[in-house]
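Undergrad: For this one, chain H is given, so just place chain Z on it according to the hints.
The residues making up each chain are set out below.
There are 2 protein chains.
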Amino acid sequence: MSSDSTIDPHPTREVAGGTLVRSQGVSGPAGFRASGIKAGIKASGNADLALVLNEGPELAAAGVFTANKVKAAPVLWSQQVLTTGRLRAVVLNSGGANACTGAGGFQDAHKTAEEVASALSNWGTETGAVEVAVCSTGLIGDRLPMDKVLTGVTEAVHELAGGISGGTDAAYAIMTTDTVPKQAALHHAGKWNVGGMAKGAGMLAPALATMLCVVTTDAVATAAQLDAALRAATRLTFDRLDVDGATSTNDTVLLLASGASNVTPTQDELNAAVTAVCDDLAEQMMADAEGVTKRVQVTVSGAVSEHDALIGARTVARDSLVKTALFGSDPNWGRVLAAIGIAPIELDPDKISVSFNGAPVCIDGVGAPGARDVDLSDIDIALDIDLGLGEHAVTIRTTDLSHAYVEENSAYSS
Amino acid sequence: MSSDSTIDPHPTREVAGGTLVRSQGVSGPAGFRASGIKAGIKASGNADLALVLNEGPELAAAGVFTANKVKAAPVLWSQQVLTTGRLRAVVLNSGGANACTGAGGFQDAHKTAEEVASALSNWGTETGAVEVAVCSTGLIGDRLPMDKVLTGVTEAVHELAGGISGGTDAAYAIMTTDTVPKQAALHHAGKWNVGGMAKGAGMLAPALATMLCVVTTDAVATAAQLDAALRAATRLTFDRLDVDGATSTNDTVLLLASGASNVTPTQDELNAAVTAVCDDLAEQMMADAEGVTKRVQVTVSGAVSEHDALIGARTVARDSLVKTALFGSDPNWGRVLAAIGIAPIELDPDKISVSFNGAPVCIDGVGAPGARDVDLSDIDIALDIDLGLGEHAVTIRTTDLSHAYVEENSAYSS
Numbered sequence: 001m002s003s004d005s006t007i008d009p010h011p012t013r014e015v016a017g018g019t020l021v022r023s024q025g026v027s028g029p030a031g032f033r034a035s036g037i038k039a040g041i042k043a044s045g046n047a048d049l050a051l052v053l054n055e056g057p058e059l060a061a062a063g064v065f066t067a068n069k070v071k072a073a074p075v076l077w078s079q080q081v082l083t084t085g086r087l088r089a090v091v092l093n094s095g096g097a098n099a100c101t102g103a104g105g106f107q108d109a110h111k112t113a114e115e116v117a118s119a120l121s122n123w124g125t126e127t128g129a130v131e132v133a134v135c136s137t138g139l140i141g142d143r144l145p146m147d148k149v150l151t152g153v154t155e156a157v158h159e160l161a162g163g164i165s166g167g168t169d170a171a172y173a174i175m176t177t178d179t180v181p182k183q184a185a186l187h188h189a190g191k192w193n194v195g196g197m198a199k200g201a202g203m204l205a206p207a208l209a210t211m212l213c214v215v216t217t218d219a220v221a222t223a224a225q226l227d228a229a230l231r232a233a234t235r236l237t238f239d240r241l242d243v244d245g246a247t248s249t250n251d252t253v254l255l256l257a258s259g260a261s262n263v264t265p266t267q268d269e270l271n272a273a274v275t276a277v278c279d280d281l282a283e284q285m286m287a288d289a290e291g292v293t294k295r296v297q298v299t300v301s302g303a304v305s306e307h308d309a310l311i312g313a314r315t316v317a318r319d320s321l322v323k324t325a326l327f328g329s330d331p332n333w334g335r336v337l338a339a340i341g342i343a344p345i346e347l348d349p350d351k352i353s354v355s356f357n358g359a360p361v362c363i364d365g366v367g368a369p370g371a372r373d374v375d376l377s378d379i380d381i382a383l384d385i386d387l388g389l390g391e392h393a394v395t396i397r398t399t400d401l402s403h404a405y406v407e408e409n410s411a412y413s414s
Numbered sequence: 001m002s003s004d005s006t007i008d009p010h011p012t013r014e015v016a017g018g019t020l021v022r023s024q025g026v027s028g029p030a031g032f033r034a035s036g037i038k039a040g041i042k043a044s045g046n047a048d049l050a051l052v053l054n055e056g057p058e059l060a061a062a063g064v065f066t067a068n069k070v071k072a073a074p075v076l077w078s079q080q081v082l083t084t085g086r087l088r089a090v091v092l093n094s095g096g097a098n099a100c101t102g103a104g105g106f107q108d109a110h111k112t113a114e115e116v117a118s119a120l121s122n123w124g125t126e127t128g129a130v131e132v133a134v135c136s137t138g139l140i141g142d143r144l145p146m147d148k149v150l151t152g153v154t155e156a157v158h159e160l161a162g163g164i165s166g167g168t169d170a171a172y173a174i175m176t177t178d179t180v181p182k183q184a185a186l187h188h189a190g191k192w193n194v195g196g197m198a199k200g201a202g203m204l205a206p207a208l209a210t211m212l213c214v215v216t217t218d219a220v221a222t223a224a225q226l227d228a229a230l231r232a233a234t235r236l237t238f239d240r241l242d243v244d245g246a247t248s249t250n251d252t253v254l255l256l257a258s259g260a261s262n263v264t265p266t267q268d269e270l271n272a273a274v275t276a277v278c279d280d281l282a283e284q285m286m287a288d289a290e291g292v293t294k295r296v297q298v299t300v301s302g303a304v305s306e307h308d309a310l311i312g313a314r315t316v317a318r319d320s321l322v323k324t325a326l327f328g329s330d331p332n333w334g335r336v337l338a339a340i341g342i343a344p345i346e347l348d349p350d351k352i353s354v355s356f357n358g359a360p361v362c363i364d365g366v367g368a369p370g371a372r373d374v375d376l377s378d379i380d381i382a383l384d385i386d387l388g389l390g391e392h393a394v395t396i397r398t399t400d401l402s403h404a405y406v407e408e409n410s411a412y413s414s
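Protein sequence lines correspond, in order, to chains H and Z.
Numbered as in the UniProt record's numbering, the first sequence ends at 414 without a single skipped number.
Numbered as in the UniProt record's numbering, the second sequence ends at 414 without a single skipped number.
One chain only, chain H, in its complex shape:
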């Protein structure tokens, strides 16, 4: 994993009118506590159960879920409870997806939410099961060890903490094949804040990756405003991260607002802040994708519509022959032309121009001088495809297709 050494774990930058840091996550905004513990669900003994609590005063929430028709039990449960637009807590486990587990698996998700509600109520925060979302990730098809999950829930409630440590513990506890935890927080000059954590390292694709993501804010916002902000953010961030075209049964992105800052941002401000946090998390997910040796941004410009630009960029980002060439640092632009040529979009082969890292390799459908000599040895590769037809452009984040990807996905059930 090259990302360990090349990504600064705590970069601070100005974005969306605030300061973005990676040292905090879901418990950064006021009104939130989080925890992450070792419940014994994972055979490895690593942390595997996380809890995020909204202490209010408000409990508004929204969610976006996988587009896969095969949905895991926790997705079905969380979609149901989210219809109220309210969430008190989110419980997340790694070590098992609880997908394709039938009616028993759904009962397990329900039982987990009831246990969280009961433990929080005993702890002094009156909670109903219908206020608890459940997220799971891991191997599809096995029932969860419910004795361990339920014991873990009680411990996770006891461990709830505010500030940095609780959120970071939670970010660790949701990791599967991730090599690093992923969190980010955006602070608006001490006024209001957005924080988030995510996991996801394979099966990254449109309409969400195999990813779990919880975003919190202390802004005052209604469930409808949160829903609008979350959909705007995921459309431009997680939906444009596509590692291998696969879409999980468990993808869940949740947004919870406590209102504890007493600040009511405009919808535009809220959208921008949530998008900034999701964008940073998506970048972290790309950098930590399974087997990644190249971080690739595929941009299709000059398209007649945003839809065409998106489909074109996605088609190239998924092409196994393009991805293996990038793994080999080979500026094989002919494969890019072959890939874009099968995208179901408007294009004129004689108007397509391609560049790698700014160096033209194909101009108006014909190879440019020196195209075979472009240096792609760096970890970051910008692949730009100009269709020469219109004004629309979209960028998709992806990775190369490496030996490590094959190894990681063939050697172990995950």
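Hints are supplied without guarantee of correctness; some may be wrong.
In silico SDA-like cross-links for lysine to any residue, where the CA-CA straight-line distance does not exceed 25 Å [stated by the list, open to error]:
1) H:K351 to Z:H110
2) H:K69 to Z:L139
3) Z:K351 to H:D142
4) H:K351 to Z:L139
5) H:K42 to Z:D373
6) Z:K69 to H:G388
7) Z:K69 to H:G365
8) H:K69 to Z:P369
9) Z:K69 to H:T299
10) Z:K69 to H:E306
11) H:K42 to Z:S329
12) H:K69 to Z:K69
Simulated from the structure, these hints should not be mistaken for laboratory data.
Being a predicted model, the structure only gives us computed values, none of them experimental.
TA: Frame of chain H; chain Z shown alone:
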């Protein structure tokens, strides 16, 4: 390459009312000659130029070409000459795709056809350039070394031979990353015959793979009958071979009829014979696909339509996580459920059943006892998915995603 040791190079079997052999190809049917020579186009010095000649008495022909919007110059040329429904000859080169080469590349294809026509005319067979189809395969984006191509054409004409040897030489000369030549011939008790050769080892996908294929017959048939037979055959064979979802700029399948047998089969007989030869070639292509360690047949049954079955099987056959699991002999049926769940088809997650090599691993959307213990160590894997909704079924041939696939496609420009 496991295929070398496990596939009998010369199996003989009864199919479509005839006897199918792999010891003959395009020069098996009466009225055809073929040759394959070393023109010096390939840096390796291997054979790289092939010629197929129809000596008549008839010259009927049909073709099917890539669905890629980016089409190589020889595809554009051959599509144009095929509008006449007549072909005297096909010239094929490996060592260069002549794609994305602009107007100069098209002139090269035209010039090659003219040289073939001229050489054949000098040899005693009056031929016009408009009767010569051109096929190319290799790296996209480079102009062909035309001096070598044109010298090679003259030599290929001189080498034209009937019987087995000419066709086999031609089958060798069109290979790129193929490890074995691919040919098949179907004999109807000495009455009429169909023969074919193909190349293709990567980029195998729907609407044709990176494949060149020439099929010949000594039957009496019109261009329209040949066109119908070829479309029926490719729909059920090459279009159902999908190694990596990629579609080449150069895919070409041609069918030529000499009428030399004086036998006029019915359309159904012609369809069945051409389909049998194409099916055998498709099987050979799967077995020799780049990096293959598993030969996989993905069948989706119980679909509400053939279209749904096809799209479902194709979606699973392309899924990188399913393919890497198969490489690891891992019966990870959860990935199969996740893959079929994103197919844009009608399905009910609670009615899906899956089996590997006949052993049930998932019944009505829930894991079956012993599912994790199914043995997938054999090279051949049958993956059956029953949607439980209707009566339609389609099988797609595919392969696993292995280290060798990554190696072959990253280490060398091809």
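Undergrad: Against this structure, judge whether each hint is valid.
TA: Evaluated hints:
In summary, the hint linking K351 of chain H to H110 of chain Z is supported, as the alpha carbons are separated by about 23 Å, within the 25 Å threshold. This hinted pair does not check out: K69 of chain H and L139 of chain Z have alpha carbons roughly 40 Å apart, beyond 25 Å. The suggested pairing of K351 of chain Z with D142 of chain H holds, with an alpha-carbon distance near 18 Å, which does not exceed 25 Å. Proximity of K351 of chain H to L139 of chain Z is assessed by CA-CA distance (about 20 Å); at most 25 Å being required, the pair is judged to hold.
Only pairs whose Cα atoms come within 25 Å are accepted, and K42 of chain H paired with D373 of chain Z is accepted, the gap being roughly 20 Å. Simply put, K69 of chain Z and G388 of chain H have alpha-carbon atoms about 15 Å apart, close enough for the 25 Å limit, and the pair holds. For the proposed pair K69 of chain Z and G365 of chain H, the alpha carbon gap of about 12 Å is at most 25 Å, so the pair holds. About 24 Å separates the Cα atoms of K69 of chain H and P369 of chain Z, which keeps this hinted pair within 25 Å; it holds.
A threshold of 25 Å between alpha carbons decides the hint, and for K69 of chain Z with T299 of chain H the separation of about 19 Å falls inside it, so the pair holds. For the hint linking K69 of chain Z to E306 of chain H, the alpha-carbon distance of about 20 Å falls within 25 Å, and the restraint holds. Between K42 of chain H and S329 of chain Z, the direct Cα distance comes to roughly 23 Å. Compliance with the 25 Å bound is thereby established for this hinted pair. With a C-alpha separation of about 31 Å, the suggested pairing of K69 of chain H with K69 of chain Z is violated against the 25 Å cut-off.
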